[in-house]
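There are 2 protein chains.
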Amino acid sequence: MIYPRAAVIGIGLIGGSFALAAKRAGAVGHIVGVARSRATRQAALEVGAADEVTGDAAEAAANADLVYVATPVGAMPGIFQQISPTLSPNVLVTDAGSTKAEVVAAARDLLPPEVTFIGGHPLAGSEQTGPRAARADLFAGHSYFLTPDEQDNTDDLNDLVELVKALGALPVLTSPQRHDQIVAATSHLPHVVAAALANAVGETVGDEEKIEDFMGTGFVDTTRLAAGSPQLWRDIFVTNREYVSQTISALSEQLQRWGQALSRSDAEQIEELLEEARRWREKLR
Amino acid sequence: MIYPRAAVIGIGLIGGSFALAAKRAGAVGHIVGVARSRATRQAALEVGAADEVTGDAAEAAANADLVYVATPVGAMPGIFQQISPTLSPNVLVTDAGSTKAEVVAAARDLLPPEVTFIGGHPLAGSEQTGPRAARADLFAGHSYFLTPDEQDNTDDLNDLVELVKALGALPVLTSPQRHDQIVAATSHLPHVVAAALANAVGETVGDEEKIEDFMGTGFVDTTRLAAGSPQLWRDIFVTNREYVSQTISALSEQLQRWGQALSRSDAEQIEELLEEARRWREKLR
Numbered sequence: 023m024i025y026p027r028a029a030v031i032g033i034g035l036i037g038g039s040f041a042l043a044a045k046r047a048g049a050v051g052h053i054v055g056v057a058r059s060r061a062t063r064q065a066a067l068e069v070g071a072a073d074e075v076t077g078d079a080a081e082a083a084a085n086a087d088l089v090y091v092a093t094p095v096g097a098m099p100g101i102f103q104q105i106s107p108t109l110s111p112n113v114l115v116t117d118a119g120s121t122k123a124e125v126v127a128a129a130r131d132l133l134p135p136e137v138t139f140i141g142g143h144p145l146a147g148s149e150q151t152g153p154r155a156a157r158a159d160l161f162a163g164h165s166y167f168l169t170p171d172e173q174d175n176t177d178d179l180n181d182l183v184e185l186v187k188a189l190g191a192l193p194v195l196t197s198p199q200r201h202d203q204i205v206a207a208t209s210h211l212p213h214v215v216a217a218a219l220a221n222a223v224g225e226t227v228g229d230e231e232k233i234e235d236f237m238g239t240g241f242v243d244t245t246r247l248a249a250g251s252p253q254l255w256r257d258i259f260v261t262n263r264e265y266v267s268q269t270i271s272a273l274s275e276q277l278q279r280w281g282q283a284l285s286r287s288d289a290e291q292i293e294e295l296l297e298e299a300r301r302w303r304e305k306l307r
Numbered sequence: 023m024i025y026p027r028a029a030v031i032g033i034g035l036i037g038g039s040f041a042l043a044a045k046r047a048g049a050v051g052h053i054v055g056v057a058r059s060r061a062t063r064q065a066a067l068e069v070g071a072a073d074e075v076t077g078d079a080a081e082a083a084a085n086a087d088l089v090y091v092a093t094p095v096g097a098m099p100g101i102f103q104q105i106s107p108t109l110s111p112n113v114l115v116t117d118a119g120s121t122k123a124e125v126v127a128a129a130r131d132l133l134p135p136e137v138t139f140i141g142g143h144p145l146a147g148s149e150q151t152g153p154r155a156a157r158a159d160l161f162a163g164h165s166y167f168l169t170p171d172e173q174d175n176t177d178d179l180n181d182l183v184e185l186v187k188a189l190g191a192l193p194v195l196t197s198p199q200r201h202d203q204i205v206a207a208t209s210h211l212p213h214v215v216a217a218a219l220a221n222a223v224g225e226t227v228g229d230e231e232k233i234e235d236f237m238g239t240g241f242v243d244t245t246r247l248a249a250g251s252p253q254l255w256r257d258i259f260v261t262n263r264e265y266v267s268q269t270i271s272a273l274s275e276q277l278q279r280w281g282q283a284l285s286r287s288d289a290e291q292i293e294e295l296l297e298e299a300r301r302w303r304e305k306l307r
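Chains as they are written, first to last, in the working numbering: chain A, 23 to 307; chain B, 23 to 307.
One thing to keep in mind: the hints can contain errors.
Below 20 Å or equal to it, Euclidean Cα-Cα: the simulated SDA-like pairs (lysine to any residue) are [stated by the list, open to error]:
#: 1; chain 1: B; residue 1: K305; chain 2: A; residue 2: D229
#: 2; chain 1: A; residue 1: K187; chain 2: B; residue 2: K232
#: 3; chain 1: B; residue 1: K232; chain 2: A; residue 2: L306
#: 4; chain 1: B; residue 1: K232; chain 2: A; residue 2: V183
#: 5; chain 1: A; residue 1: K232; chain 2: B; residue 2: K45
#: 6; chain 1: A; residue 1: K45; chain 2: A; residue 2: G70
#: 7; chain 1: A; residue 1: K232; chain 2: B; residue 2: K187
#: 8; chain 1: B; residue 1: K305; chain 2: A; residue 2: P252
#: 9; chain 1: A; residue 1: K305; chain 2: A; residue 2: E294
#: 10; chain 1: A; residue 1: K232; chain 2: B; residue 2: H164
#: 11; chain 1: A; residue 1: K305; chain 2: B; residue 2: S251
#: 12; chain 1: A; residue 1: K232; chain 2: B; residue 2: P198
#: 13; chain 1: B; residue 1: K305; chain 2: A; residue 2: Q150
#: 14; chain 1: A; residue 1: K305; chain 2: B; residue 2: K305
#: 15; chain 1: A; residue 1: K232; chain 2: B; residue 2: T239
Rather than coming from a laboratory, the hints here were simulated on the basis of the structure.
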């Protein structure tokens, strides 16, 4: 056992999956689940993700050896402020947010200096939400980013790496900035694209009579990400706005190339754009 | 049996699936499969999609009651010219192209006036190609667009509708223009988006060290269409360039809204864009 007592603040899909996986692996003993909604707390108990539940993050964190923050990233600074007075000096605090630079900076500002915070991001998820969608194998086989500072306690980092491995995930150490820059392209831009596509199709032909006859699997797959939680993703975009803006510019440039090729009926250029896309996808997937 | 003898010109994924489904339903008797490549012809025989094969479209069409053209749309005008001299007057010619206005116009120009041509488009497909990927149930449960002219022979249309039903597909009658305008948004724009996304991500971070650690299912799903055949899709885009350009403009406008919301850190506007996208997707999928 690495952490006898853990507090999981935000025990939804990610927090719940973490709890189930950590308990199954025997890496964590007692888990206190924190959620604002009574229904979420009840569900967390029912699916076995928490041994006890509370709505009070500070109380849950008070005796914890590990605090795992899995709320939307926009709520994290507030959580850090709440738990800061009650943390024990030996606690390790980590998070599961999809952006890292702002979260790490907030933790450094708001947590006591003697407490170690190491940012984390499991590259896994689902369009479902809440503890009832949690699965002990959600992280299995996926990358799990950790963004330690140079000055972080090595023992703490080693323990956290062991914990990530116990979840079945693959620890990837990187800097918060490099993380945010790359996931802006690989994860956040696909989400923007899915949402922009759904809105563009909806606004141009969504009210056509019998539009359902025209909908194929291509639209459904390409917009799958647009089914995700707007609140969760809003925070991701706001906290990674600069890198995401850059990737949107790169995409807009691609669309301009398409527009030019189409206006010239340039079949060769269109085929080249398609060939290039196929090669990148084959390399990256 | 509706058509004793059929020629399927371009006996790949779509032509082969048509042949398998039509034969299984007993709607078509003898099938001559046409392909330029010897390997494709051999595969069509082996999977049972054709009773005989040839590389000569005119020869295959000569004694046919039904000519089913399933080549890329860019090749169709050439096919119409080739088969025009050998067609019998009672033949029905149809196609499976993903765009309809240019194909229907070419057929009207290039086929003999006494021959009925009715454009078709099965809304089904796969990223795989060739007769070995063909499936008798590929069209089952999917829309199958037919774009008859006012002056088309009613019996011919009724026969074709019966044939489409025999494939297990759902006949949808519409005009070539309305078809092209709507699929530009629902089918062709998702393809542009998938390709543009793959290229934008590739060009911005594709050569990063250990980029594979950062790739999640979101990218893979959102770019799935980019795995499709560049030649096939090049033709679709060229023949539907005006409507596709319009949808690309609509998408670019959406991306501008994203860019503005991000530059203002406007969380409310971002959430609204995401909420709207979720609603459209729920309605349209």
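| Hints violated by the structure (listed by number, smallest first) | Result: hints 5, 14, 15 break, sorted rising.
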